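Given the structure of chain A, go ahead and fit chain B onto it with the hints provided.
Chain by chain, the residues run as shown.
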Amino acid sequence: MIRESASSTGQGHDKGVLIDCDVHNALPSIEVLYPHLSDHWRDYIVERGVGNLEPNYYPAGAPLSARPGAVPPSGGPPGSDLDLLRGQLLDSWDVEYAILNCLYGVQLVHNEDWAAAMARAVNDWQVAEWLDKEPRLRASIVVPTQNPEMAAEEIERLGDHPGFVQALLLVRTEMPLGKRHYWPIYEVAERHNLVIGIHAGGSPGNPITPVGWPSHYLEDYVSLAQAFQSQLVSLVSEGVFAKFPGLRAVLIEGGFTWLPSLMWRFDKNWKGLRGEVAWVDRLPSEIIHEHVRLTIQPVDEPPNQEYLLQTMEQIGSEEMLLFSTDYPHWHFDEREDALPVELPPELERKILVENARALYGI
Amino acid sequence: MVERVAQREARKKTKTSFIDCDIHNIVPSVDVLEPYLPARWRKHVETFGMRQHHGFASGIPYPKASPGGGSRVDAWPPSGLPPGADLDFMREQHLDVQNIEYGILNCLYPKVGELLNEELGAALARATNDWQIVEWLEKEPRLRASIVVPYENAEFSAAEIDRVADHPAFVQVVLLPRTKEPLGKRRYWKIYEAAERHGLPIGIHFAGLGGNPITSSGWPSFYIEDHTVMAQAFQSQVISLVYEGIFERFPDLRVVLMEGGFAWLPSLMWRLDKHWKRLREEVPFLKRPPSEYIRKHMWATTQPMEEPTNPKHLLQVIEHLGSDDMLMFSTDYPHWDYDNPDRAFPVRLPDALKRKIFSENARALYRFEGETRVSG
Numbered sequence: 001m002i003r004e005s006a007s008s009t010g011q012g013h014d015k016g017v018l019i020d021c022d023v024h025n026a027l028p029s030i031e032v033l034y035p036h037l038s039d040h041w042r043d044y045i046v047e048r049g050v051g052n053l054e055p056n057y058y059p060a061g062a063p064l065s066a067r068p069g070a071v072p073p074s075g076g077p078p079g080s081d082l083d084l085l086r087g088q089l090l091d092s093w094d095v096e097y098a099i100l101n102c103l104y105g106v107q108l109v110h111n112e113d114w115a116a117a118m119a120r121a122v123n124d125w126q127v128a129e130w131l132d133k134e135p136r137l138r139a140s141i142v143v144p145t146q147n148p149e150m151a152a153e154e155i156e157r158l159g160d161h162p163g164f165v166q167a168l169l170l171v172r173t174e175m176p177l178g179k180r181h182y183w184p185i186y187e188v189a190e191r192h193n194l195v196i197g198i199h200a201g202g203s204p205g206n207p208i209t210p211v212g213w214p215s216h217y218l219e220d221y222v223s224l225a226q227a228f229q230s231q232l233v234s235l236v237s238e239g240v241f242a243k244f245p246g247l248r249a250v251l252i253e254g255g256f257t258w259l260p261s262l263m264w265r266f267d268k269n270w271k272g273l274r275g276e277v278a279w280v281d282r283l284p285s286e287i288i289h290e291h292v293r294l295t296i297q298p299v300d301e302p303p304n305q306e307y308l309l310q311t312m313e314q315i316g317s318e319e320m321l322l323f324s325t326d327y328p329h330w331h332f333d334e335r336e337d338a339l340p341v342e343l344p345p346e347l348e349r350k351i352l353v354e355n356a357r358a359l360y361g362i
Numbered sequence: 001m002v003e004r005v006a007q008r009e010a011r012k013k014t015k016t017s018f019i020d021c022d023i024h025n026i027v028p029s030v031d032v033l034e035p036y037l038p039a040r041w042r043k044h045v046e047t048f049g050m051r052q053h054h055g056f057a058s059g060i061p062y063p064k065a066s067p068g069g070g071s072r073v074d075a076w077p078p079s080g081l082p083p084g085a086d087l088d089f090m091r092e093q094h095l096d097v098q099n100i101e102y103g104i105l106n107c108l109y110p111k112v113g114e115l116l117n118e119e120l121g122a123a124l125a126r127a128t129n130d131w132q133i134v135e136w137l138e139k140e141p142r143l144r145a146s147i148v149v150p151y152e153n154a155e156f157s158a159a160e161i162d163r164v165a166d167h168p169a170f171v172q173v174v175l176l177p178r179t180k181e182p183l184g185k186r187r188y189w190k191i192y193e194a195a196e197r198h199g200l201p202i203g204i205h206f207a208g209l210g211g212n213p214i215t216s217s218g219w220p221s222f223y224i225e226d227h228t229v230m231a232q233a234f235q236s237q238v239i240s241l242v243y244e245g246i247f248e249r250f251p252d253l254r255v256v257l258m259e260g261g262f263a264w265l266p267s268l269m270w271r272l273d274k275h276w277k278r279l280r281e282e283v284p285f286l287k288r289p290p291s292e293y294i295r296k297h298m299w300a301t302t303q304p305m306e307e308p309t310n311p312k313h314l315l316q317v318i319e320h321l322g323s324d325d326m327l328m329f330s331t332d333y334p335h336w337d338y339d340n341p342d343r344a345f346p347v348r349l350p351d352a353l354k355r356k357i358f359s360e361n362a363r364a365l366y367r368f369e370g371e372t373r374v375s376g
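Here the protein sequences line up with chains A and B, keeping their order.
Residue numbering for the first sequence follows this note's numbering, starting at 1 and increasing by one per position.
Residue numbering for the second sequence follows this note's numbering, starting at 1 and increasing by one per position.
Just chain A, same shape as in the assembly (with noise of 0.2 Å):
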């Protein structure tokens, strides 16, 4: 449960209550990176009518896309108005920090150039109209996922700016994340300190589930937690946190409580496989203990709060959940009910606070 003020809880912390890692900020329109675009991709957009690039991952009308009130009267899209974000979230809710993903459709597209040079802008974008403007925001680094190495170069360019704290890949990508294509990311992410993002979304052309394209959007949302087991099994199979020992994960939007029967299965393997991946010189688990975090929101919550605290403790550590509110995605409908359950104050003050704390070092 969010109570109204975690300083009740006698650890008082005076600048807020709780750090949001997972906010959406939206682009009111593409023309806002015009700006940001050389002559030349802008002239592309405009000779060849490019409406936008927004993803359809929440679908414009679905209930679960944005919750009440949190279309802007200016008329653009749920996440594109920083002074409603303020009232509905940073100061309503008390909010310390806030980790904006913002999730325009740059790794969809299939030039590799043209995504380089959206990813800029988007970035440019987010420090012009977000950063800049609000101090109590940071952003991930949208980068285009299609190129790994210019994907490392935008993370050079921007990785002392101190707003960015991630960088941020989609939870569907055309090759596992663990393979060596994507190792130039890790490197220069582990570099500049910088955490993955992993965040529901992308489309790449491979289908949402190992047996084909599912008929429903409900079917394709629900699907996003086997995206992410999928991904995590890859980044600990391939060996990326043995080559990259510094490098941290976020699983962002894709559930949690399949992380338990996950580990156990994927510890159970390794025992009887391990001689096919050498280094993975330990328990799964344990690796992904170290190096792996998941955001809460949504949380699939059982029918009562007993098996939801059970199934945090077979997580076997304290340090792994991150809060966030998915804003302004549509989970819950009450505040008490963002973290469903009753924790002892101590983890409930890691999951608000503090492990998004030490691994954001904000």
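Treat each hint with caution, since some may be false.
Computed list of lysine to any residue pairs in SDA-like fashion (alpha-carbon distance at most 20 Å, straight line) [stated by the list, open to error]: (1) B:Lys277 <-> A:Arg67; (2) A:Lys133 <-> A:Lys179; (3) A:Lys179 <-> A:Leu84; (4) B:Lys312 <-> A:Glu313; (5) A:Lys271 <-> B:Lys277; (6) B:Lys64 <-> A:Ala278; (7) A:Lys179 <-> A:Gly246; (8) A:Lys133 <-> A:His36; (9) B:Lys64 <-> A:Val277.
Since the hints were derived computationally from the structure, they do not count as laboratory data.
All of these numbers come straight from a predicted model, not from anything done at the bench.
Okay, now just chain B, sitting in the frame of chain A:
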């Protein structure tokens, strides 16, 4: 060492009989199907082979943990046949020593559903089922079997189910989880119509390489990944079957998840319920929370046993399922990750639950005769 363990195992007969819901017999080579396979298809196999999505003529892209399709090293019969191809040795090593009341055969080779040529798949399915009747079911009264079908073609599959379903030893239809499309899609419905018509459960069994990558981000590098994330393929099928409304459209259909794990099922049920509440208007044909369909229409076999770091968490997971009627014990004989009935559970089960998992749930699902004896 391995031999000594095997000898010790063989001397120690399990006290209480049980129903083994997953045993593998295999067709050792297409030659044994000669009496059942038309010459036209025998010649086809000789000339063109059995082509699948992956590019290998006979191998597979992810070599398994051991030879013989990933078999126990002690499961190679003295006869020289491959593991799972010798009934006498199966009796000696498994059925007799483990005191098995009924054992359900899932014949995974040849993979009739994964062949690119569906006509060949249909011919091989017919031949394999006829071979199962003659070589296994008529020779061993403890055995029951699943009907193999070329499941990517629902018409062929339904015809095969209709052809052999009246044989009393066929108790199930078996599919692999790595289908071309999610199993809730309309292209598979004729299979469910036929299964429902004959009162047969649909079993979805671990295996297969499919045409789609096993992750939503393409092909992983290692067998440990392929094996670990096969659970996600099962999860995807559960999502599709439930959200496409299969259990509203086929109210008597029952589905068994075999060798795909079960500890993930509570979490998936919570997630299915949670997002259905917000987005239900997209699937108006669902009348109840998704988890209710799962508890009523789905079962899961236990091997490979879930092994939490803290064994007590396994009892929590079973409680989280919200039903004691869904789990059924299986050994997966003769494969490398075989579960021994005396040792598989890392924690002591309450007696009533143990009887259900080891016998009663399967007896009720498959409508087997007999009574479960009280645990010794």
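Results for each hint:
1. For the hint linking Lys277 (chain B) to Arg67 (chain A), the alpha-carbon distance of about 14 Å falls within 20 Å, and the restraint holds.
2. The suggested pairing of Lys133 (chain A) with Lys179 (chain A) is violated, with an alpha-carbon distance near 38 Å, which exceeds 20 Å.
3. Taken as a hint, the Lys179 (chain A) and Leu84 (chain A) pair is broken in the structure, with Cα atoms around 40 Å apart against an allowance of 20 Å.
4. In summary, the hint linking Lys312 (chain B) to Glu313 (chain A) is supported, as the alpha carbons are separated by about 12 Å, within the 20 Å threshold.
5. Distance restraint check for Lys271 (chain A) and Lys277 (chain B): the Cα-Cα separation of roughly 39 Å exceeds the 20 Å cut-off, and the hinted pair is therefore not satisfied.
6. Straight-line distance between C-alpha atoms of Lys64 (chain B) and Ala278 (chain A) comes to about 16 Å, which keeps the hinted pair within the 20 Å bound.
7. With a C-alpha separation of about 18 Å, the suggested pairing of Lys179 (chain A) with Gly246 (chain A) holds against the 20 Å cut-off.
8. At roughly 17 Å between alpha-carbon atoms, Lys133 (chain A) and His36 (chain A) fall within 20 Å of each other, so this suggested pair holds.
9. This hinted pair checks out: Lys64 (chain B) and Val277 (chain A) have alpha carbons roughly 13 Å apart, not beyond 20 Å.
Hints 2, 3, 5 from the list above are not met by this structure, while the remaining hints are.
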